[in-house]
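Peer 1: If you want the building blocks of each chain, they are given just below.
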Amino acid sequence: MNNLIAVLIIALLVFLAVRKILQNRKMSDGCISCMGCPLAGKCSEDDRPPSTK
Amino acid sequence: MKIALTGNPNSGKTTLFNAITGRIEHVGNWPGVTVEKKEGYIKSSLTSGKGNLTVVDLPGAYSLAPFTSEETVTRDFVLNESPDVIINIVDASQISRSLFFTTQLLELGIPVVVALNKCDMTAKTGIQIDSRLLGKLLGCPVIETVAVKNTDGGLKALVQAAVSARSAGIRPQPPLADAGSPAAAEEDREALDKKRFALVNEMTARVEKRKTESSRQSLQDKADRIIADKWLGLPIFAAVIWLVFSISQSWAGPWLADVLVGWIDGFHGLVEGALGEGLHPVLSALLLDGIIGGVGAVVGFLPLIMVLFFMLALLEDSGYMARVAVVMDRYFKKMGLSGKSVIPMIVSTGCAIPGIMATRTIKNERQRRTTALLSPFIPCGAKLPVIALFAGVFFGDRAWVGTSMYFLAIFMIIISGLIVRKITGDTSRSYFVMELPPYRFPGIGRAAVSMMSRAKAFIIKAGTIILICNAVVQLLQTFNWQFQVVPGSQPAASILASLAGPLAVIFIPLGFGLWQFAAAAITGFIAKENVVGTLAVTFSVTNFIDVEELALISGGTEVMGVFGITAAAALSYLVFNLFTPPCFAAMGAMNSEMESRKWFWGAIGFQLALGYILSFIVYQAGTVITTGAPGNGFTGGLAAVAVLAGVIIFLMIRGSRGADLKSVKAA
Numbered sequence: 001m002n003n004l005i006a007v008l009i010i011a012l013l014v015f016l017a018v019r020k021i022l023q024n025r026k027m028s029d030g031c032i033s034c035m036g037c038p039l040a041g042k043c044s045e046d047d048r049p050p051s052t053k
Numbered sequence: 054m055k056i057a058l059t060g061n062p063n064s065g066k067t068t069l070f071n072a073i074t075g076r077i078e079h080v081g082n083w084p085g086v087t088v089e090k091k092e093g094y095i096k097s098s099l100t101s102g103k104g105n106l107t108v109v110d111l112p113g114a115y116s117l118a119p120f121t122s123e124e125t126v127t128r129d130f131v132l133n134e135s136p137d138v139i140i141n142i143v144d145a146s147q148i149s150r151s152l153f154f155t156t157q158l159l160e161l162g163i164p165v166v167v168a169l170n171k172c173d174m175t176a177k178t179g180i181q182i183d184s185r186l187l188g189k190l191l192g193c194p195v196i197e198t199v200a201v202k203n204t205d206g207g208l209k210a211l212v213q214a215a216v217s218a219r220s221a222g223i224r225p226q227p228p229l230a231d232a233g234s235p236a237a238a239e240e241d242r243e244a245l246d247k248k249r250f251a252l253v254n255e256m257t258a259r260v261e262k263r264k265t266e267s268s269r270q271s272l273q274d275k276a277d278r279i280i281a282d283k284w285l286g287l288p289i290f291a292a293v294i295w296l297v298f299s300i301s302q303s304w305a306g307p308w309l310a311d312v313l314v315g316w317i318d319g320f321h322g323l324v325e326g327a328l329g330e331g332l333h334p335v336l337s338a339l340l341l342d343g344i345i346g347g348v349g350a351v352v353g354f355l356p357l358i359m360v361l362f363f364m365l366a367l368l369e370d371s372g373y374m375a376r377v378a379v380v381m382d383r384y385f386k387k388m389g390l391s392g393k394s395v396i397p398m399i400v401s402t403g404c405a406i407p408g409i410m411a412t413r414t415i416k417n418e419r420q421r422r423t424t425a426l427l428s429p430f431i432p433c434g435a436k437l438p439v440i441a442l443f444a445g446v447f448f449g450d451r452a453w454v455g456t457s458m459y460f461l462a463i464f465m466i467i468i469s470g471l472i473v474r475k476i477t478g479d480t481s482r483s484y485f486v487m488e489l490p491p492y493r494f495p496g497i498g499r500a501a502v503s504m505m506s507r508a509k510a511f512i513i514k515a516g517t518i519i520l521i522c523n524a525v526v527q528l529l530q531t532f533n534w535q536f537q538v539v540p541g542s543q544p545a546a547s548i549l550a551s552l553a554g555p556l557a558v559i560f561i562p563l564g565f566g567l568w569q570f571a572a573a574a575i576t577g578f579i580a581k582e583n584v585v586g587t588l589a590v591t592f593s594v595t596n597f598i599d600v601e602e603l604a605l606i607s608g609g610t611e612v613m614g615v616f617g618i619t620a621a622a623a624l625s626y627l628v629f630n631l632f633t634p635p636c637f638a639a640m641g642a643m644n645s646e647m648e649s650r651k652w653f654w655g656a657i658g659f660q661l662a663l664g665y666i667l668s669f670i671v672y673q674a675g676t677v678i679t680t681g682a683p684g685n686g687f688t689g690g691l692a693a694v695a696v697l698a699g700v701i702i703f704l705m706i707r708g709s710r711g712a713d714l715k716s717v718k719a720a
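Chains F and S, in that order, give the protein sequences. Counted from 1, the first sequence has number 27 at position 27 by my numbering; the numbering is strictly sequential. Add 53 to a position in the second sequence, counting from 1, and you land on the number used in my numbering.
None of these hints come from the bench; they were simulated from the model. A virtual CB, placed ideally from N, CA and C, is assigned to each residue, including glycine. Keep in mind that a hint or two might mislead.
Straight-line Cα separation of at most 25 Å, DMTMM-like style, residue types lysine to aspartate or glutamate; simulated pairs [claimed, not checked]:
1) F/20 / S/92
2) S/264 / S/197
3) F/20 / S/78
Covered, in the sense of this in silico footprint (three residues per stretch, anywhere, with C-beta under 8 Å from a C-beta of chain F), are these stretches of chain S [what the hints assert, rightly or not]:
4) 337–344
5) 520–533
Here chain S stands alone, though its shape is the one from the complex (with noise of 0.2 Å):
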């Protein structure tokens, strides 16, 4: 038996689905968190011994008209697989808006159970519904639930009426008597949802009463006036995401970070005591500095990332991530995007790709594509440990790094939009209409399940990839091209020191043109967690965490001589990692969205063009700050700079050509 799960958007689908399946699918209190369909085995303990029961989670929609490319799954899905019983979830405290998909669920043929979903929202509102009333009005089974709640929230009962509705068989009779007739689907589109609003306007005037007034502000609104100020909302969002990585990177993230990083010391010392002096060398550095140290160095900053997880995770539960769309909106308006590009943006602190996948809910293909192409700017989950590892080494405050890097990201990705719709030609204006959901008190249950589900994705994801890019480097620096084994003090002479140091070149007017930089850039892009794998791997650092470990390595001088870099180089790396290509992975999916190999050769080559300006700009302007200077390679570096700027202001002029040409004949 298969049972499809439909509603409205942030109706509390996957909340459901996930509390009647034990799964944790990512969810978030707003709007288009599910873009694709999920399956999923209902309980046993909700099922009473009825057997496998399939239940498949479908991305929300308004209506089986699609607008969105994830509504026209859910349409599909409906219309095509034939589900024996479909669950509709029904927002309680807005039924007269969830109602319309409602009528024309029932008018498929296939048993329909409404689930009126969040009616612990609507007694704390002051609104009372008649479900009986409504089951009546409808001709199906309603049955009240809160599938946030810990406790049975009335899923039981859910599922019982979903087997009994599949069991009876019973066609439910459309509300709408003549939606299903011949007659009807010539009629005019229009003049039936005329009708169809107003028979659920009447259907809600009968079963909703509202003991509050719409007319008066309710302390949410009261909140919104100020969260979402056009003036005040930006410094509110600065001020909330320094907060988020002052715990995360500078306060909690590190005490529990030096925790764990004694841990794998402790396994790393006993692993080396138990094999003994006599371990042959290869092998020595290939487990201990390559397997254990490399994963270890990665993993180490885990505490880092799941703290940060969990805030992130308290603020998308709370509402306030949707309220952020709504502020930006405004500054994504004057690039041709709207605020609806700021979710995928957002969904894209965790990691870029499920971010690139948010983006189908775009509707425009130029948003759509632009938003693929900027999302992988904001820094992910995989990026966070390079940030964390030299905010720690170069700059004494952490939480600065990251803060900055954050919205030099959101600057530049409306900087890059401006260009991009300039490159395209395109003028068309962009339009932003969103359901703000309701403020709450996140749940702390539900943040720490994201955050663990993400943790897990991480150390597998260091158990697997990483482990094998890290057994592999420390081969390649172990031996020379004469598969002899490489002297300690001479690692330049090894396989990795001569592939990666051709590419070194490059780096030199960026500050850090060491192979050792170039080969963790490398390893970088088949994930993100490499680069921080590959610079313990080569420089021969197993603990990031502990400054003091560093500082002994480096024979007492500064931290910094480890690396042999300086503060400002160390900030170019990190702005070249955060605006070029993203990993393979990320960069499959942004194929898959783009559609178009045209925008997605030409997304990469912008993305490393803009990483490796950005990235001489603030080595050479730091280094001239610093030492009153240009540092290396400058004026190779500003003519490669100009020559790639070059080609941008080549393909913006083109375009805005283009467009005038376009405007012209339009006229």
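Chain F with its partners taken away, still in its complex shape (with noise of 0.2 Å):
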């Protein structure tokens, strides 16, 4: 039983990472430096490195 919530709990929290990531880059439109980016999901066209659209 224990293992069975450890594993929910490891589910959950790589889910709700993985989420937050895949929003922030949603809100990028894809750039891929969102990714430990702190103007993740609030920059501008002009902020994202072109190469990475």
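Both chains are given apart, each in its own frame, so use the hints to dock them into the complex.
Peer 2: Structure, rendered in structure tokens:
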């Protein structure tokens, strides 16, 4: 039972983290720089590296 | 309805934007903080039920004829995107300079409302402005504002004036009568500018009364004579930085960190206790060591970073950092840069990405690209946990390690700037003119908001990318290539060790040729905070703040025994982490601002070479000093360093020859 709870907790944490990363990517039009970028989700078109769009 | 906020640099546009929208965009008491437009909605408490009012904060500009790329953003927006109203923020203490831009805006045919900002400062400095008369002369509403004030500060009146100006639909009458005529368009711009200056001077003379004599030295001037002095400026700057690092890394920071780490430990224990001892070892390692332990190790440094950011925000707000640009200008000039390059570097102390983006205030292409290459050398918020960790574990005095890293970065920026100048063969001179903002008592609230904003970004990063990375690192460390669980006593048999092991060989001459450090170096490229998280996972240490726990893990022997490297190697690792390329996100920003593949890859190569060479020198010299003999891998490392240095010297000679040829052709 405890193993199942642990699996669920891990899955939930990973799901939330991945969802947040993907949300930021979506808001940044898919700019891969959003990984760890403090401007993630609030950058403008001009900020994004052309190579990563 | 769309309202554009425009005005001269450092007139308080972003502060006003934050005040009327409730957002927390970065502000600073120097020109050039905002380099791109930002959009928000005006708070409903200020609109009196007038619906959604969009406001756009634009970078500062002195005129509609742009000089830098961020001024182009402003010009393009007001000319091409037709805002419904323009709010022109005018610094009340500098109206003679600000009104030049105002008169140009009035010629666009868009309703303009002037926000006479910083009125609290004029009252203190004995300047009186007749805002009614100014409004009559300009032919538009003039509202007195104090954007930094916690209470209204004229903001409601300003928003209402903007709404009324739009509803009335009255086009302003340009004060310069013939500026909008076809004849004026063909007229020589210089002559038109002279006319405009004459008009502005006449207006200023009528509306402004100054009690102070301009020839008399103010207290601010006296302070500048000391703080920005060419001899005293640098020692004062060193003392200030040492104080900032002392408070954040040695005094207040660790005390607060101990409290937070206690909570994290408590949470770790709670989860461990709740799930019981029967938990599968793989799940236990993944959840407790990888996710909670790894993320907790990184988050544990948050108080140190928050205190540092708070101190830096106070310095920014006081106007001191603008003086640092003046102090550094004379050194930067020698490498073909100027004090303007200092601003992106100061911004980089928070994060290299906005720092690199701030380089667009630099008009000269080579200077802009060189600054984008060098700005990531400044220790950013993400590198600080690594510095704090190694300073705490290997060196008794944490403050001098952080301070020395900061000044080593500045020193290497100057040296690297000289090298890049030689490589590019550019011998052009640089000029620096900067408007020094007035000193002011730093706002505790503003600094706290800035600190909390950065802390939030740090926590989000820890809960997303760092959590995922630590989980992946833990899994790769748990299994071997046959997907069997690796015994705890043989971590070297894991997938992670076999992947990072070959890379570790090239780090032997640098003193940290262990697969754990190689793995941390790789994950550090995703986000620099990952270095701490990966070291926590690979060395199974969940608490870096409490030194006692580290001592227990090493079996009561020296703390540094846990990592298996010497103090010289630890310093070498810090130098390597500081000068090698930044995280991928910052590399993306470099690529974007440099606008050249050749420059971008050259910059990455240069950063890698510089990081390796410096790290080698630090480790080998440190080992010779402490043991009397060179460290491991000296011969191989020396050969690698000779090759890297040889390539750089070759490029410098080639660049210098190219410059000589150019000058001969020009002659």
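Peer 1: Check the hint pairing residue 20 of chain F with residue 92 of chain S against an upper bound of 25 Å on the C-alpha distance.
Peer 2: holds, 22 Å
Peer 1: Is the straight-line distance between the alpha-carbon of residue 264 of chain S and that of residue 197 of chain S 25 Å or less?
Peer 2: holds, 20 Å
Peer 1: Given the hinted pair residue 20 of chain F and residue 78 of chain S, is their Cα-Cα distance within 25 Å?
Peer 2: The given pair, whose Cα atoms are some 21 Å apart, holds under the 25 Å limit.
Peer 1: For the segment 337–344 of chain S, do three or more residues have a beta carbon lying closer than 8 Å to a beta carbon of chain F?
Peer 2: holds (count 4)
Peer 1: Count the residues of the segment 520–533 of chain S whose CB lies closer than 8 Å to any CB of chain F, then report whether that count reaches three.
Peer 2: holds (count 3)
In this structure, every one of the numbered hints holds.
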